[in-house]
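Each chain, letter by letter, is given below.
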Amino acid sequence: MNGHPIYAEGLVKNYGRVRALDGLDLQVEEGSLLALLGPNGAGKTTAVRIFTTLLKPDAGRATVAGYDVTREPDRIKSHIGLAGQSAAIDEYLTGVENLEMIGRLYHLSAHDARRRALELLVQFDLTDAANRMAKTYSGGMRRRLDLAASLVILPPVLFLDEPTSGLDPRSRRQMWGVISSLVAEGSTILLTTQYLEEADELASRIAVVDSGRVIAEGTSDDLKTRVGGDRIEVAVARNADLSHAADVARRHLSGEVTIDGAQRRLSGPSADGTSQLASLVRDFDAAGIEITDLQLHRPSLDDVFLTLTGHEAEREKTVESGRGLTRRAS
Amino acid sequence: MAVARTGITPGTRYQPITGRPAFVWAFLDAMVLARRSVLRTLRAPELIVFVAIQPVMFVLLFRYVFGGAIQVPGGQYVNYLMPGIFVQTVAFGGVITGIGLAEDMHQGLIDRFRSLPMSSSAVVSGRTVADLARNGFTVAIMLIVGFLVGFRPQGTIFEFMLGILVLMGISFAFSWISAFIGLAVRSVEAAQSGGFIWMFPLTFASSAFVPVKTMPSWLQPFAEHNPVTVLSDALRGLFHVNPALTTADTRWALIQSVVWIAAILAVFIPLAVIKYRNSTSR
Numbered sequence: 001m002n003g004h005p006i007y008a009e010g011l012v013k014n015y016g017r018v019r020a021l022d023g024l025d026l027q028v029e030e031g032s033l034l035a036l037l038g039p040n041g042a043g044k045t046t047a048v049r050i051f052t053t054l055l056k057p058d059a060g061r062a063t064v065a066g067y068d069v070t071r072e073p074d075r076i077k078s079h080i081g082l083a084g085q086s087a088a089i090d091e092y093l094t095g096v097e098n099l100e101m102i103g104r105l106y107h108l109s110a111h112d113a114r115r116r117a118l119e120l121l122v123q124f125d126l127t128d129a130a131n132r133m134a135k136t137y138s139g140g141m142r143r144r145l146d147l148a149a150s151l152v153i154l155p156p157v158l159f160l161d162e163p164t165s166g167l168d169p170r171s172r173r174q175m176w177g178v179i180s181s182l183v184a185e186g187s188t189i190l191l192t193t194q195y196l197e198e199a200d201e202l203a204s205r206i207a208v209v210d211s212g213r214v215i216a217e218g219t220s221d222d223l224k225t226r227v228g229g230d231r232i233e234v235a236v237a238r239n240a241d242l243s244h245a246a247d248v249a250r251r252h253l254s255g256e257v258t259i260d261g262a263q264r265r266l267s268g269p270s271a272d273g274t275s276q277l278a279s280l281v282r283d284f285d286a287a288g289i290e291i292t293d294l295q296l297h298r299p300s301l302d303d304v305f306l307t308l309t310g311h312e313a314e315r316e317k318t319v320e321s322g323r324g325l326t327r328r329a330s
Numbered sequence: 001m002a003v004a005r006t007g008i009t010p011g012t013r014y015q016p017i018t019g020r021p022a023f024v025w026a027f028l029d030a031m032v033l034a035r036r037s038v039l040r041t042l043r044a045p046e047l048i049v050f051v052a053i054q055p056v057m058f059v060l061l062f063r064y065v066f067g068g069a070i071q072v073p074g075g076q077y078v079n080y081l082m083p084g085i086f087v088q089t090v091a092f093g094g095v096i097t098g099i100g101l102a103e104d105m106h107q108g109l110i111d112r113f114r115s116l117p118m119s120s121s122a123v124v125s126g127r128t129v130a131d132l133a134r135n136g137f138t139v140a141i142m143l144i145v146g147f148l149v150g151f152r153p154q155g156t157i158f159e160f161m162l163g164i165l166v167l168m169g170i171s172f173a174f175s176w177i178s179a180f181i182g183l184a185v186r187s188v189e190a191a192q193s194g195g196f197i198w199m200f201p202l203t204f205a206s207s208a209f210v211p212v213k214t215m216p217s218w219l220q221p222f223a224e225h226n227p228v229t230v231l232s233d234a235l236r237g238l239f240h241v242n243p244a245l246t247t248a249d250t251r252w253a254l255i256q257s258v259v260w261i262a263a264i265l266a267v268f269i270p271l272a273v274i275k276y277r278n279s280t281s282r
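Residue numbers (the working numbering), protein chains in the order written: chain U, 1 to 330; chain F, 1 to 282.
Simulated from the structure, these hints should not be mistaken for lab results.
Here the structure is a predicted model, which is why all the values come from computation and not from measurement.
A virtual CB, placed ideally from N, CA and C, is assigned to each residue, including glycine.
Do not take every clue at face value.
[To be verified] Pairwise CB distance ranges, derived in the manner of DEER restraints: (1) Met31/F to Thr127/U: 25 to 31 Å; (2) Arg13/F to Thr70/U: 52 to 58 Å; (3) Arg17/U to Pro16/F: 40 to 46 Å; (4) Phe200/F to Gly139/U: 41 to 47 Å; (5) Ala263/F to Pro156/U: 44 to 50 Å.
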């Protein structure tokens, strides 16, 4: 027994000849959110499916809320909530019917299931849609209903498998707000995502997965330091200004400035992006250097991958499972 | 970029009910999911075609297209026909169980069900119970249409209710066979073709539409022991619509029907539940 609500040691899972998990180690501190960051096919969903007892590992050990996933799956089920990639709700049921059904299946009394459903609909801003069939909901509303369904019994441990994939930016921000409040309220959460920005926003720790194992783990700052943080890129209008511009840039940027003469571009690492951008523009202006382009690059998942693995994230890689049910094992 | 916290508070923690035996939960969870299936059926208008129009069509077609050509000994064809159509309809209606389950297995919702502390048989049994209710509704419609085209069951109300009861029994049994097929094939299209294909020999090579004695001798042994035949004959006897059947014939057909129903349930309930559980732990 160990103190981590979510714990995995050397998890291995094969789908036929494809190795989805290849010795995954993971631990999530109580009351924190760990983001499992990686491209499709990295093994994120497979890991979540093992933790939520939907799948048995071929080797290794995992415990959730102190219970072993292979020996005590039924005990785990009363301690977890799961919100998956596809909103796991019934399209033909209304919002309130969906939540009541989940409540009954968690074995709440009819009365309690109803009260909890109504309470969740208020919290998730779905009261107006409570009596409409879920198939009339927008993508953001479905995800909110799905997340609400995973919170019916207020489980101490939550698994959120790419909860914002396919959402528009506004709905994504809304989901982030909800997830942040859950962490603030003390839930232990494992969240999978393909977006570094999302991991950065929500997670106290990030584990980067590639080919079924964790290749780097740490805080968002740790990872950014390894990747090199933000970069500022400038294009100047006149060739003659290029070296002068580089001098100005060196005063502000926190590392080596690289110059691309043909493109009249220079770029360098930035310790604190936006404010440096402003002072840089002021100084260029003062020196009479005309600029045609100015960009702040945040490190993307691709940058993280490129740095950590030497290859780019293979976004389109899909893993066929040996049997027809899993569409994707990412 | 701080994300504004929304007003999500933990809310109320309700305690689950504990201390009930597993079989009670198997029943209660099945009822929760049966309710879900019933609501879905009511809200998907395309299913109404299967549920209401198709059996009406069968009654009218057989009554008026074949009705004049087919002779049955000692009675009117409509009275011979209706019990056969009842059995055929619940057999075909059962196929929807498998299609619905195959469809469910491809949805994210099934992962949620599997992650809940609910009875693992409930997804399948909830579906079969809902389909039993749907077939009950279909039979009610057919009784009305049958009455309008001249079907007149005789006998006591007890015999009539017993007839409906065994009909519901075979309906439930066929749903479980179909559930097993739907879980085994894993695609909706396969569940559809795999579910219907064996229905044709089963329902037509039986006494449902024509007497077995009119069939070639090599086919008769199959047709005589076909559950559709024994069910149709049991219903005809109980409804007193076939003078050719003696009381002993009826009793024997009734016993065979009950044995068929029990045997199918005894084999296919465990098979379907095991199939569902195995697809759980992949």
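- Query: At the C-beta level, are Arg13/F and Thr70/U separated by a distance inside 52 to 58 Å?
  - Reply: Given range 52 to 58 Å: violated, Cβ gap about 28 Å.
- Query: Should the hint that Met31/F and Thr127/U are 25 to 31 Å apart at their CB atoms be regarded as holding?
  - Reply: 27 Å, holds
- Distance restraint hint 44 to 50 Å, applied to the beta-carbon atoms of Ala263/F and Pro156/U: 47 Å, holds
- Query: When you take the CB atoms of Arg17/U and Pro16/F, is the distance between them in 40 to 46 Å?
  - Reply: At roughly 42 Å between Cβ atoms, Pro16/F and Arg17/U fall inside 40 to 46 Å, so the hint holds.
- Gly139/U and Phe200/F - C-beta distance against the hinted 41 to 47 Å: With Cβ atoms ~43 Å apart, the hint holds.
Hint 2 from the list above is the single one not met by this structure.
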